[in-house]
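S.K.: Below, each chain spelled out in residue letters.
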Amino acid sequence: GDSVTQTEGLVTLTEGLPVMLNCTYQTIYSNPFLFWYVHYLNESPRLLLKSSTDNKRTEHQGFHATLHKSSSSFHLQKSSAQLSDSALYYCALSYSNYQLIWGSGTKLIIKP
Amino acid sequence: EAAVTQSPRNKVAVTGGKVTLSCNQTNNHNNMYWYRQDTGHGLRLIHYSYGAGSTEKGDIPDGYKASRPSQENFSLILELATPSQTSVYFCASGDTGVQNTLYFGAGTRLSVL
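For the record, the sequence lines run as chains A and B.
Each residue of the first sequence is one higher than the one before, counting from 203 in the numbering used here.
Each residue of the second sequence is one higher than the one before, counting from 1200 in the numbering used here.
Rather than coming from a laboratory, the hints here were simulated on the basis of the structure.
Careful: at least some of the hints might be erroneous.
Stated by the list, open to error - Rough simulated footprint, nothing fancy, chain B against chain A, three-plus residues with beta-carbon under 8 angstroms:
{"id": "1", "segment": "244-251"}
{"id": "2", "segment": "289-298"}
Claimed, not checked - Here are the computed lysine-lysine pairs in the DSS-like style, where the Cα-Cα straight-line distance is at most 27 angstroms:
{"id": "3", "chain 1": "A", "residue 1": "K258", "chain 2": "A", "residue 2": "K280"}
{"id": "4", "chain 1": "B", "residue 1": "K1217", "chain 2": "B", "residue 2": "K1264"}
{"id": "5", "chain 1": "A", "residue 1": "K313", "chain 2": "A", "residue 2": "K280"}
{"id": "6", "chain 1": "A", "residue 1": "K252", "chain 2": "B", "residue 2": "K1256"}
{"id": "7", "chain 1": "A", "residue 1": "K309", "chain 2": "B", "residue 2": "K1210"}
{"id": "8", "chain 1": "A", "residue 1": "K313", "chain 2": "A", "residue 2": "K271"}
For each residue, glycine too, the CB sits at the ideal point set by N, CA and C.
Put together the whole structure using the sequences plus the hints.
M.R.: See below:
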């Protein structure tokens, strides 16, 4: 069945270093939509960015991701981590009008 | 900005008691969802609805019921709460469409003692 894998449950980085959170997926659908949602402490989860276009970079709030259908990946990256980036990040796959398939989430902690 | 309001924000319940979590959205979205969030499991879908009067089972529906009496309101009901249902619950809404964004409420922290 369809699935989303986030291999790192916890990523701890020093401020200023680059961020890369991994997301791979499996689906039978040829045109999936992939999403990154971010959940800051004491806030509601919200959309960070999304894409369905192969090999096109999508950017928002300093983060970027590129959907690579050849490798079924949608990794989230940022060139320089900030303390305020500390949050829980979810990768998700949309395959129908009603449901998302969620990864298990990656907690990102940025230290000074 | 889409608005999804959950109540209560915090709830302590006793084992065997009935718990109702409420969700209201003011954006006229067709779809609404109830998730629970647990460390190591991420967001797991309990029930969802694609319009007033409809409810569908998600991935982990056992022990939960849902009710969608109107476009705006979607409730999650624990008839006989158990300690394993201690969690943070999120309601979300969204339009129909594979590309559409989900808008989440602030969450309800439920402790079942």
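S.K.: Under 8 angstroms between beta-carbons, do enough residues of the segment 289-298 of chain A, three at least, approach chain B for the coverage claim to hold?
M.R.: With 4 residues in contact (Cβ-Cβ under 8 angstroms with chain B), the coverage given for the segment 289-298 of chain A holds.
S.K.: Given the proposed pairing of A:K252 with B:K1256, does the C-alpha separation stay at or below 27 angstroms?
M.R.: This hinted pair holds, its Cα atoms lying about 26 angstroms apart.
S.K.: For the pair supplied as a hint, A:K309 and B:K1210, is the alpha-carbon distance within the 27 angstroms limit?
M.R.: 25 angstroms, holds
S.K.: Compare the distance between the alpha carbons of B:K1217 and B:K1264 with 27 angstroms, and conclude whether the hinted pair is satisfied.
M.R.: 11 angstroms, holds
S.K.: Given that the segment 244-251 of chain A was listed as covered by chain B, double-check it with a C-beta distance under 8 angstroms for 3 or more residues.
M.R.: holds (count 5)
S.K.: Please verify whether A:K313 and A:K271 have alpha carbons no more than 27 angstroms apart.
M.R.: 33 angstroms, violated
S.K.: Take the C-alpha atoms of A:K258 and A:K280, compute the straight-line distance between them, and say whether it is at most 27 angstroms.
M.R.: Given that 27 angstroms is the threshold and the Cα spacing comes to 16 angstroms, the pair holds.
S.K.: Within a Cα-Cα threshold of 27 angstroms, do A:K313 and A:K280 meet the stated pairing?
M.R.: Within the cut-off at roughly 15 angstroms; holds.
In this structure, the one hint that does not hold is number 8.
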